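Novice: Whenever a hint applies, use it, and build me the whole structure from the sequences.
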Amino acid sequence: MTGFLSPLIEPGFFANAPVQTALLVGGIVAVVSGVVGTFTVMRGQSFAGHSLADIGTAGGSAAFLLGISPLFGFVAMNLLAAGVMESIGIRRPRGRDLATGIVLGGALGIAALFLYLDTTASSTTGATINVLFGSIFTLPSSLVPFIGVFSVVALALVLAMYRPLILTSISSDLAKAQGVPIRLVGIVYLVALAVAVSLSAVAIGAILSTALLIGPAATALRITNRTGYAALIAAAIGVVATWLGVLLAYDSYYWFPTGGGWPVSFFVVTVVFLVYLLSQVRVRPRAGARRESTAAETG
Amino acid sequence: MFSGLMLNAWESASIVAIVAGVVGFFIVLRGSAFAAHALPNGAFAGAAGASLIGVDAIAGLAVFSILGALTIAGLGRRARHDVATALVIVVMLGLGSLFLSMTTEYAPEIYSLLFGEVLGVSSSELAPIAAIGVVCVAAILLIYRPLMFSSVMPDVAEARGIRSGRMEVAFLVVVALTTTMAVPVVGALLIFSLLISPAAAARSFTSKPLTAMGLSVLIALGTVWSAIALSYLSNLPIGFFVGSIGAATYAAGRGWATWRRNRRASPRPSSQALQPGVAG
Amino acid sequence: MQADSATEPAEVLAVDGVSVTLSGREILRDVTFHIHAGEFTGLIGSNGAGKTTLLRVILGLITPSAGTVRVESESRRRPLIGYVPQRITLDPDMPLRARDLVGLGIDGQRFGLPWPSSARHRLIDEMLESVDATRFAESRVGNLSGGEQQRILIAHALISRPRLLLLDEPLANLDIGSEQEVVALLSRIAKQQRIAVLISTHDMNPLLPVMDRIVYVANGRIATGTTDEVVSSESLTKLYGVHVDVIHVHDRILVVAGRRDAPLQHGGGESIVEVV
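Protein chains in written order, with our numbering: chain A, 30 to 328; chain B, 19 to 298; chain C, 212 to 487.
Honestly, the hints are just simulated from the structure, not real lab data.
Do not take every clue at face value.
Said to hold, decoys possible - Derived CB-CB ranges, DEER-like: (1) B/Val-187 x C/Lys-449: 50 to 60 Å; (2) A/Ser-116 x C/Asn-430: 32 to 42 Å; (3) A/Ala-265 x B/Thr-229: 48 to 58 Å; (4) A/Gly-96 x B/Trp-28: 30 to 40 Å.
Stated by the list, open to error - Over the 10 Å line for every Cβ pair with chain A, so calculated as not near, a few chain C residues: (5) Ser-341; (6) Arg-405; (7) Arg-424.
No experiment lies behind these values; they were computed from the predicted model shown.
All residues carry an ideal CB built from backbone N, CA and C; glycine is no exception.
Specialist: Listed below in structure tokens is the structure:
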């Protein structure tokens, strides 16, 4: 299998311990992001996902200051933010975006503070990069079980709410009339989103985690008609992008010996974006042929 | 606090605040919070790239943020608006991180680009910042009426010959320029806060548009001045204060609006319209 | 409540003395009417008259400030009512086929993953067949035309075998051809499956051929009975509290307010010129 890829794979790739951890963690995180992301895009909550990621920065940097892994900081902060978002309410979407944005500003300010303190306190400059752009190559293996547990929880929550989530994204009235507990579904979904974003933040950084969340999902939506398949395809794209990112980052150490390697997160994000662009270009002409409905335009 | 180096800080921050107040008014009106977040992040990549190739950061900022503005205006029409914008944001950030990783000043450079380095503004940078600021404010004042019209009633404006597409592009370019002059001062991540918090807060205090814009400028000025002073006195980063004060003023505005609404509601029955979706 | 004789259809919906006050304004006052199985009822009124509020009360989404709503003489149980909401904007990107949307009507509110079964598949096929939607069953819901989406939503509502089918302005935004198709479809469903159908609309004319009874809403009050009983000058004048004329032009009905400010128009569109 690695035959045709071997010119791409620099020596020692598979044997390298941090690489193995990176591949494992990256794969898990990509799956969770892809699945949760599919519902995020369906519900039109991409901004919420992006905001949560940035808000989590405050938590991650605080955790760093306290000497614990940023993962827990992300999760705690994101859960808190999700709770606040929920209570701000589902009223006018514009009002919600504004309120979210302001909370975002406040949280980023706090993050600025913590990162500054991190830098002066520990006299290393690692905090900013770690929190903002991920630490997938420097993850302690003791963290992996936690990542696994969080991932399982997020996936389980979304899969449990599978049908109500679809119904509510079509019409909340319709869902309510059919007996769906709207508020509960909304809260549970935000919790899953908070966890998914945190996991992604640990891998490729808080600011870039949105790419794994919505990129593969948005691509999958263009490819398939069915929700279940969309989630699977999103997960698959995410895994491929993440693994490619890890590979290319490792290779870049060898290709550009002076630079010290390019960041993983850059590669992952670029791959995700390229795949997305490809799907935009390819599917559009087919979309016309796919329309089996012979009736007049949507009106 | 008011000596030489600090003077630059006061001046540059004040200019940024005035521009942010004016432009932010429209950002909040048009609901472009997401775009306001996206452009500075694109600018980040530009600054990083400029830093890499040794060019003036402001040039990099300008090029990338204007490119970003045009991309968002273009893409927004086709694909899902929010997904497209979000992906562009993230790719820009990724590029920025790449460029910076290739310089030697990786972490501190990232920090100051993202969170601002108001004290690092030199006298030579003050002139271009001021110049761009003047251009931005002048542009907004020039297109004030058609922009208002198009923002509030896009369809009617369209019928009157005001093309919403053109307005969107023009406005986003102004936002891009605002970003260009503001990022060196308050940072890419926090310019966003300065753009929307004062304007959002101003809305709670008045319904008159020009008053709201003026109030937005005043609040923005108050925010940056307090932030600079507090930062100087406590040695903590200015970004922290900008973000927190922004959130606080917004909360204050909302609180005021709620208090005023409750006070008006109790003496006599409310005559406000029914909530949408309930009326038959 | 239940059938007294073999021919008397069962009562499906009993609304008694319902009043609704929202934000200090009284939207509905003392609304009483009963609907029986197989009956096609039109809930007529101009926008803002209180139709949607009444529908939401029936669905249990709003609690009335007075009065009761009973479905099938038991306390309201949601699976008994099929609901077709007014406006669903379906994103063309949404990965949901028409048949998936219909399938959600069976068990969309349940937690856990759906278990694929051939019985389920068959049921969905039958439902699609009955609303004549088999042709576009595999298409994305966001790509369907207004009329097609409407039929899918109806299938979604019907698949759980409700006793009462509630539709909120189903004919708005449909062209005349689709309008007639949907009305005919609903009438057929009512008769064949003994389902009570309640349609809320501001224009009663498309329903005239099939309506069994009418619930006419104005000023928060209603008048109920057959079309002839309710839609008459005396009856509506009493309801509106101002002089109202009911004009019959060919087979269409126009309700026009007398003297006063602007003519209050129901029926065939915005102007009297539109006559079939």
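Novice: Against each hint, give a clear statement of whether it holds in the structure.
Specialist: Each hint, compared with the structure:
1. The hinted range of 50 to 60 Å is satisfied by B/Val-187 and C/Lys-449, whose Cβ atoms lie roughly 59 Å apart.
2. Judged by the Cβ atoms, the range 32 to 42 Å given for A/Ser-116 and C/Asn-430 holds: they are separated by roughly 38 Å.
3. In this structure the supplied range 48 to 58 Å holds for A/Ala-265 paired with B/Thr-229, their Cβ-Cβ distance being about 54 Å.
4. Take A/Gly-96 and B/Trp-28: their Cβ atoms lie about 38 Å apart, and the range 30 to 40 Å holds.
5. Non-interface status of C/Ser-341 relative to chain A is upheld: no Cβ of that chain comes within 10 Å, the nearest being about 18 Å off.
6. With a least beta-carbon separation of about 21 Å from chain A, C/Arg-405 lies farther than 10 Å from that chain, consistent with its non-interface assignment.
7. For C/Arg-424, the non-interface assignment is confirmed: its Cβ lies about 23 Å from the closest Cβ of chain A, beyond the 10 Å cut-off.
In the structure shown, no violation is registered for any of the earlier numbered hints.
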